[in-house]
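Q: Please take these sequences and the hints and turn them into a complete structure.
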Amino acid sequence: MRFLIQSVCLLALIACIAPADVAAQSVSDTIGLPEVVVTERFSDREIRSTAPHHILTADQIGQLNALQLSDAVKHLPGVTIRDYGGIGGLKTISVRSLGAHHTAVSYNGIPLADQQTGQIDIGRFSLDNVERLTLHNGEDDRIFRPARTFAAASALEITTAAPRFTGNSRVNGKATLRGGSFGLINPSLLLNGKLSERVSATLSGEWMSSRGDYPYLLRYGPSAGDSTSMERRINGDVNKGRLESSLHARFSDHSRGDLRLYYYHSERGLPGATIYYNTLHDSGQRLWDRSFFLQGHFEHAFSRRWELQAHGKYQRTYLRYLDPSYLGAEGMIEDIFTQQERYGSLSALYRAFNNLSFSASADLISATLHANRKGFVTPTRLTSHTVVAAKWVSERLLATASLLHTQTFESAENGMAGTNRRRLSPYLSASYKPLQGRDLRLRAFYKKSFRLPTFNDLYYPQVGVRNLLPEDAQQFNIGLTLGRSPGTPLKQLTLTADLFHNRVDNKIVAYPTGNLHQWAMINVGRVIINGADLSLESVTSLTEKMMLHAGVNYSWQSALDRTDPQQVNYGHQLPYTPRHSGSAHAALEFRELQFAYALIWSGARFSNGYNDAEYRMKGYADHSLSLQKSFSTRRGTLTLIGEALNLAGRNYEIVRNYPMPGRSYRITLSIHY
Amino acid sequence: MNKNRLFYYMILLAGLLLWSCDDNDNPGEEIPSEGKALLILNEGSMGGNNATLARYDLQAEVIDKTYFNSVNEKGLGDVANDMIQYGSKIYIAVNMSGTIEVLESATGRSIRQIAMKTTGDQSKEPRRLAAYGGKVYVTSFDDTVTRIDTLLLTIDGSVTVGMDPEGIAIRDNKIYVANSGGLNWDNGYDNTLSVIDLTTFSEEKKIEVGTNPNAVQADSQGDIYLSVTGNYGDEPAAFKVIRSGSSTAETIAGIGSPQKFVISNNRAYIISGAYQEPYRLVVYDCLEEKIITDNFISDGTGIAIMYNVSVDPLTGDLFVTSTDYVHPGDLYWFDQSGKLKKQLSAVGINPSVVLVQN
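So the protein lines, in turn, are chains P and W. Counting from 1, one number per residue, gives the positions in the first sequence under our numbering. Counting from 1001, one number per residue, gives the positions in the second sequence under our numbering.
Because the hints were derived from the structure by calculation, they are not lab data. By construction, the Cβ of each residue, glycine as well, lies at the ideal position given by its N, Cα and C atoms. Fair warning: there could be bad hints in the mix.
If you want the ones that stay clear, here's a sample from chain W, every Cβ over 10 Å from chain P, calculated [to be verified]: (1) I1155; (2) K1205; (3) Q1343.
Output of the computed footprint for chain P on chain W, the stretches with three or more beta carbons under 8 Å from beta carbons of chain P [claimed, not checked]: (4) 1164–1172; (5) 1178–1184.
Pairwise CB distance ranges, derived in the manner of DEER restraints [unchecked claim]: (6) P:M230 to W:N1187: 37 to 45 Å; (7) P:A58 to W:T1118: 48 to 56 Å; (8) W:T1118 to P:L669: 56 to 64 Å; (9) W:N1187 to P:S229: 54 to 62 Å; (10) W:I1111 to P:H580: 42 to 50 Å; (11) W:G1157 to P:S227: 27 to 35 Å; (12) P:H370 to W:E1250: 40 to 48 Å; (13) W:I1111 to P:M230: 24 to 32 Å; (14) P:R198 to W:N1187: 53 to 61 Å; (15) P:F292 to W:E1250: 52 to 60 Å.
A: Here it is in structure tokens:
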């Protein structure tokens, strides 16, 4: 309760600081009621948000020549993707150098968690049926959310398309067949059905298979004159399938709900680092993944002022790892891990005044990890998140504040459990429009958050340390946004520019405790990050029938290790963190024809925390082109897409010794019916 | 040190030199003249292909951190675990790459890359090297000791030993190999030392020495010394000796958490230290059978984690390397009295063996 009062006082204070006419102003209907679902353009949402917040819609994704989620996310400012290459290679996302553990990945409103490793392989998700991708730095301005979604430093939100029907149609959908280089085959099917006036359902499925045996040039040294050999990536094959079904119900004008069933399966080779003189290294390692979840959501508005919602989820994941060529006595390693998660959340929204609303949410998560190792601890973590939040909306000022309380209860079936932790995470943000007629906004946010030690950090045999502290992150951001709609030919222009200062304390790192075979996790690291993100998007109508969508993003990041002045890497840039990176894209639409160009660019990076010339990795540019043509037929709209990827054909490396595929091609045929 | 003892050591040194001159089937071997440079082997990190051989020019006082790469226009490979100089050549065991690089000592030029592969074409994971009688012997994690002919530069024999052999020493027509079982830590380490007859090149017997033996060295009397790492739990680490002719390993008291060590001139220089225990360099007199000093370093130079120790047999200078296992480590060069002569920082990742190049 105290927190609530504090939040109110704080907002009152902000209201006082704001010019009097703002407070007195009545607000137009579209944004007047806080937390009303409005059909605004997403670019407007990006401009108005108090914290940087980047949205890629299905149409935009279609212009980025992307297959996997990670391909699209590489276009967002401030993001570093660690990509081990190929379709099956691990891909993790770090936002503004805070590390992958500080980024939540959510699927239709509920975060996907992996308590064992603390990071999500975003290469796993295809973009089939994705309606929207959103990257939140700090918080989403919508405060009516589960408490859990307030926890991470930043969040990547995947939203799939909800069924929509026009006219009298009761069934619609899409069928796609995609093929490409290195044995890529990817059929998918989506079916939407209107079961009654109030209930609709979707069924979607997908299969993807690839040999992944792309050729690459192995360089036996960093210099131009060093010897090379042409090799073929081995053990890069992938087979994966996804089956998903959802039910969407509108029970009345005041309540709605949905239920979603999701199943994912994959079997893939784990292509290791390309080892000099031993390219067959790790050629037998394989990974099997199975993931199943059932998640539900229910929402009810009691009155204009009160709303309530509930979320629930049950998830089960299975991971099997096999190394059949290990030189130990048994000649192999086989690890099987299963994780179970049960989750429930209750949230309430109260619109106290026209401009001011409050929310509160309480979540409970229970996660258990099983393993086939003898004497495995089998840990369970019960996490409680409780949040109170407030939001002020007026024509010129948007402000939110929240305070999250987290408590963990650790237990273990065999042996000692980790230490229980309690943390408070405050968040403050505001955006202000100083000039009446201009869509120029100034914004700022502060967030303090943390990431819990993973089950591996706490319990991994010989390495895990039970009393590890959470790793703390703080973010400061100031920025401005500008939206212009001058008319013709420039129809729309949005610009966002942000400066940020982040710090990570108590960073969890593996530390050698005597020799190479004996490591322990400790909280020693400190990282100080300063950076800037710049993003520009435009829509121009060149002629009446020809539209040009173009945009650029640029990020500058200085992410310096500030752990220990005695260490050789003190004051050096974190490994695999480019100082300069960016992306650009342009798409020309002419009637049913679309031509798209996309570029991902990165400056030099270092593969080691000690930034010596030996560890310097040259920058790279990845260009891709696509041509798309749609045909209207009696059975629906037929679309044919041809893509040419990594046109320069260089096997650049994002992670050292993990070459990316060179030039490759894809063809996609789909029909919307 | 009194004069008598100095004299005694001189005799001993001469004896050692004579003994090593037995290996005269290796052409071009001669008593080394003054060194021109230090060669520093950096193991690198697994999966990094960043093993390097650095060369520090003693005249110009400059370091070429990627000497092998500069000379040979290719990298050493992934995880270079050991290096020895024998005759006019240098042999480097590269673990994950599965190669033995044979270099010309004077120029650093690679004259042969010997593949160390299993029948399934995976790396045998070569670990440590020893040389005697025109042959180089390699322990590998596929539970073998491989023999390489130094004239033909080809593999001419292999013998199976215990699990995951590490250290290797040759003395009195026997090869001693420490079977660590390091890859089998989950189900129990090995605890034996294999004794291989040099003439028949077959395993004669196994001696139980304690859990997870690591480095092995011999003194001039034929005593075999070894560091046993233990299981990082209830079975502790220990420094042990098997006296000449005996088949039992006795613990030498007073040397806690021994790591790698080297015996030169009948003195064992033993890295001792563990997590939250400061690292020291213990010196043990193998003839007098006593600890000479608990810390060789006499000028207060602190090294957080010592990784390896090498001796310049000519001058008795010591080369101690440091590491944090992730970033490049340093080389500390000490004179015989334990005073720092020179520190080279960030020479490479996991700097290990140091040789004097003539």
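Q: Mind listing which of the numbered hints don't hold for this structure, in increasing order?
A: Numbers 4, 8 and 9, in rising order.
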